Each structure stands twice: as structure tokens, then as C-alpha cells.
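Residue numbers (my numbering), protein chains in the order written: chain A, 1 to 274; chain B, 1001 to 1253.
Think of the hints as simulated: they come from the structure by calculation, not from any bench.
There could be a bad hint or two in this list.
What the hints assert, rightly or not - From the derived model, a few chain A residues whose C-beta atoms are all more than 12 angstroms from chain B:
no. : residue
1   : L14
2   : S29
3   : R35
4   : Y112
5   : N130
6   : V141
7   : F150
8   : I156
9   : E161
10  : A163
11  : K164
12  : N209
13  : H217
14  : I262
15  : I263
As the list claims (entries may be wrong) - Straight-line Cα separation of at most 20 angstroms, SDA-like style, residue types lysine to any residue; simulated pairs:
no. : chain 1 : residue 1 : chain 2 : residue 2
16  : A       : K213      : B       : G1127
17  : A       : K214      : A       : K171
18  : A       : K213      : B       : I1007
19  : B       : K1070     : B       : S1002
20  : B       : K1021     : B       : K1070
21  : A       : K171      : B       : K1021
22  : B       : K1006     : B       : K1082
23  : A       : K213      : B       : H1085
24  : A       : K151      : B       : S1057
25  : A       : K213      : B       : F1087
26  : B       : K1021     : B       : P1038
27  : B       : K1092     : A       : L132
28  : B       : K1082     : B       : G1127
29  : B       : K1132     : B       : L1117
30  : B       : K1082     : A       : R35
31  : A       : K151      : B       : K1060
32  : A       : K213      : B       : S1153
33  : B       : K1092     : A       : T212
34  : A       : K151      : B       : T1210
35  : A       : K214      : B       : V1130
36  : B       : K1070     : A       : K213
37  : A       : K214      : B       : K1060
38  : A       : K164      : B       : N1114
39  : B       : K1060     : B       : N1114
40  : B       : K1203     : B       : E1177
The structure displayed is predicted, hence computed values, not measured ones.
Even for Gly, the Cβ is constructed at its ideal location relative to N, Cα and C.
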Amino acid sequence: MIDLFQYDFFTNALLAALLTSISCGIIGSYIVARRMVFIGGGITHASFGGIGIAYFLGINPMFGAAVFAVLSAMGINWFTNRGNLRQDSSIAIWWSLGMAIGIIFISLSPGYAPNLMSFLFGSILTVSGNDLLFMGLVSVVTSIIFLLFFKTIMIISFDEEFAKARNLPVKTFNYLLIILSALAIVASIRVSGVILVLSLLTLPQATANIFTKKFQHISIASIVIGFVAMFCGLITSYYTNLPSGATIILILTLFFAFGKMIIATYNLIRKRPQ
Amino acid sequence: MSELIKIRDLTVRYGEYTAIKDVNLTISQNDFIGVIGPNGGGKTTLLRAILGLLEPSSGKITFSKELRNKQSDIGYLPQINKFDHRFPITVKEVILSGMAVKNRWMKPYGKKDNEKLNNIIRELRIGQIVQKPIGELSGGQMQRVFLGRALISDPKLLVLDEPDTYVDNQFEHDLYEMLVELNKRMAILLVSHDVGTISSYVKGIACINTELNYHPSNIISPEQLKAYNCPIQIITHGEVPHTVLGQHNHQHS
């Protein structure tokens, strides 16, 4: 297995795993705590519109995805707050609109789109230097914002009305964090693809939440769980020739099931009469 | 007694719907006012307007110098059913969040904040649950925690929105006893659905049903309630004369 580390593609993939596990660990904890997972799903699928347009124009698909993800994140917020639309309807509109635009522009693009599958289902083994740069930037910015403003983020996330009564910058933080979430999602598309990326933002958190109910602990444990699952997924997919993104998600699900089993066994032993 | 808040001709509309109309009320130091009224009568709208969460459509709310730091000088205890009980936050973090104000939102909690936290923990007798996530608390414990958040900034006015729901009779009694103690150092504005219980503790009653009528005593008769346009049923059971608004299905010891 040691010889794997001699290959650039593998070390790049490991670095990508580390960076996305940091951004997904933090942002995923925020999204799950605020019950915004469905918004994450909307942003993820809407970003496919940007990938399609970028293909058509011949520019970097990740750039297109980032622009579309941020626009859809702000659009969902705007439709819900100003457009007087139910949030789930607003999400569904952006979700399907993004997918429709993506499909139309890819069908309009001349020739075959060979990399399309990697955006739909992920391809961590083919991450480029630019992808790593983008992932690194998102991870660093996310970490800094959460370290500096953790207190305010928690207050606003837990009780928005109280935060407004205390004159805290609720709107600014809501927009900042939804944009950050959109960027974290796009940065993770290379790992598991548009279809599967949501699990990187929810499965590590769900597993961590089995053992701890504290936000900081959930975030840190999610980073560790995410990275270990990605590492195991990479090794497994290399030796079994299975798709890496799907293998990572499968391992994350196994971790979750294992966590549930551990806690169930623990509770059983604890409740047993002495 | 000096005036803390003066509300004059306050009207709040949601589109075409008028929630409260031409409301006049003065809250002074050491006042303990119970706000009662039917569902949709405008109780919560009045609180939200005082807290600055709603813009008045017309009229004015004037805050005295004592409330110049409006954010921290008004403690607010919202209805606990509004919260996501599975949110990963501890009791300690919830109480400390009461120290957050506009000009301090970037600063982490300091030594002074922790000292105040310890005082609140002692006062509310919640030392054993301070590290617990809020999802593991009972209704009564949760009310204590949110009361702690409202009190940690030493407010001059405490605003409570139906604190007697989702709690048992024992805690309800303890809570009101605690409020009587707190009233010695702060004014209290209490929204409740149970005028029979709060009338033993408050000093005045504000009946609100779009329009507000202030009754400057804790003793109020059904005839007076009718005259104030507060449609309230009176139910008497057990030893406590009891007045409720609308639906009534909880048990009394």
C-alpha cells in the first residue's frame, strides 16, 4: 500500500480528502444543526446548471458550478424571504431549474462530454492543482469564519429572533453562511459528484451526533470521520476498481451503522440489571 | 416610580390585518403587568414591538434613559416550544448567549461573563444541568435556562411570553415566586393565558384584544373583563378560582 503514496494522483486525492473533510465537517454540522439539508440538496443540484453552461462556453466547470451554487443559495433565501414562497417550493424550483439548464447546455455543446460522469458521481483521483487550490481556500476561509465568529453563529442559528432582538447582524451572517455552504458543496463535487455530495455534509455529522450533542465536538468528529472514510474509500476503490465517490459514501454509511450498533450495545449493557 | 417605556397610540398591521390598534401603555420601574387576551388578540405582537422585532405602523414607543442599552436592558423569555430541541447547544452556551449585544458580537465570552453565568446558575439552582444539551431537559428545566439567558445581562425590564405552558404545577408556582422576588429589582411584563393564576402575583392587568385596556389592580371581575372586550371563560375547579382563555385541558393538583 505504501507504494500508492508515490503516485501524484493519490497524494492529490488524499489532500483533497483532507481539505473537503474540513470544509464539509464544519459546514455540514452547521447545515444539519439548522435543518438546512434540503437547501444543501437544492444548491448541489442547481450547481449542475453552471457545469452545463461552463461546458458550453469551454470554461472551467468548477467555476460555473461555483457561480450557480452561490446564485441558487441566495435565490432560495430571496424567494423565501422576499418572494413570499414556501422554502421547500423555492428549493424545488432552483433544484430543477439548475438541472434543466445543465442538461440543455450539455446537449447543445458540440461533441461528447467525457468528464460529465466525474461531475455527476465524483472522481477524487483526478483532482487538479486548481481544484486543490479552490478546496484549500474554502477550507481555510470556513475555518477562520467559524473560529472568529463561532459565538455569533451559534446564537443566530439557535434563536434567530433573540439574535434580532439583540441587534446582531443576522441577515449578514445568514447570507455569508449560505454562500460559504454553496462554495463548500462545490468544492466537494470533485470528491463524490453532484448526486452524492450531500452525504459528505450529513453522514459524518449523523455518526458524530450518535456520540455527542455539542456543536464543536460534532464538527471536529465529522472532520475526522469524513477523512478516515475518504481514505478507506480511496484504498478500497483502488484495489477493487470500484468508483471512488460511491465507495466513500458506502463506507460513511457503514461507519454510521457501526456507530448505531456501538451505542445500542452500550445502552443494552448499561440497562442490564447488575 | 420612573417610567421605563411609554407606548402611545401604537398600531401594528400585517398587510390589511390590524393586529393591535391605538395601544397606550406605560411601564414603570417595579411594575408587574400581566398581559392577557384571546388568541390572535395581539399579545405577542405587543411584545415583539417592544423588543424592536416589529416596526409600528403608527404610534410611538419611547424608551427611558434606564433602557438606553435596549438590547441588554430588556430580558426576554420567549415561548420554549419555538425552539429546535435537538439543536446541539448546551445549557451553558444558551445562558451565556444572553450577554451578546450588537457592539460585542465579535468578542468571545470573558471572565466577567463567566462570573455572571455562575451567579445565574446559583440563583436558578441549575448547577447539575449546566453542561447538558438543551434537548435533554424537561419543560421546567428549559424555562429556567431561558430565564437565565434573559437575566444574565441584569435587565431593567423582563418580558415573558407564556412561561407557564409546558411546565408542571410545581414549577409554575416556583416560577411565579421567583418572579415576585425578581420584581423587587426589575419591572416585569408577563403574557399569560391563565389570568386566574397570574392575578395572585401581578400588580396590574393589561387586557388586549386588538385594543388594550389597562386595569391597575390584580383583582379583576368577569364583568370588568367583558367591559374590556376580553372574551374569557371562567372555570372554577379545585381550590383555585380559575380563569382561562379558550381551550382548557391541563390538570390541577
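Query raised in the report: If you draw a straight line from the CA of K1082 (chain B) to the CA of R35 (chain A), is it 20 angstroms or shorter?
Result: The given pair, whose Cα atoms are some 14 angstroms apart, holds under the 20 angstroms limit.
Query raised in the report: Within 20 angstroms, alpha carbon to alpha carbon, are K1092 (chain B) and T212 (chain A)?
Result: holds, 16 angstroms
Query raised in the report: Against chain B, does V141 (chain A) keep a CB gap of more than 12 angstroms to every residue?
Result: Holds, because the least Cβ-Cβ distance between V141 (chain A) and chain B comes to about 17 angstroms, which exceeds 12 angstroms.
Query raised in the report: Is it true that the CA of K213 (chain A) sits at most 20 angstroms from the CA of F1087 (chain B)?
Result: holds, 8 angstroms
Query raised in the report: Given the proposed pairing of K1070 (chain B) with K213 (chain A), does the C-alpha separation stay at or below 20 angstroms?
Result: Violated, at about 33 angstroms.
Query raised in the report: Are the Cα atoms of K1082 (chain B) and G1127 (chain B) separated by 20 angstroms or less?
Result: Violated - the C-alpha atoms of G1127 (chain B) and K1082 (chain B) are around 25 angstroms apart, more than 20 angstroms.
**Report entry** Given as non-interface: F150 (chain A), which should sit over 12 angstroms from chain B by C-beta
**Finding:** violated, 8 angstroms
Query raised in the report: For I156 (chain A), which was marked as not at the interface, is the minimum beta-carbon distance to chain B over 12 angstroms?
Result: violated, 9 angstroms
Query raised in the report: Do the alpha carbons of K213 (chain A) and H1085 (chain B) lie within 20 angstroms of each other, as the hint requires?
Result: Holds, at about 11 angstroms.
Query raised in the report: Regarding the assertion that H217 (chain A) does not contact chain B, is the least Cβ-Cβ distance greater than 12 angstroms?
Result: Label violated. Min Cβ-Cβ 8 angstroms, cutoff 12 angstroms.
Requested in this report: For the pair we were handed, K1203 (chain B) and E1177 (chain B), check the Cα-Cα distance against 20 angstroms.
Outcome: With a Cα-Cα distance of about 14 angstroms, the restraint between K1203 (chain B) and E1177 (chain B) holds, given a limit of 20 angstroms.
Requested in this report: With a cut-off of 20 angstroms on the C-alpha distance, tell me whether K213 (chain A) and S1153 (chain B) pass.
Outcome: violated, 26 angstroms
Checked against the numbered hints given earlier, the structure breaks hints 2, 3, 7, 8, 9, 10, 11, 12, 13, 17, 18, 20, 21, 22, 24, 27, 28, 31, 32, 34, 36, 37, 38 and 39 and satisfies all the rest.
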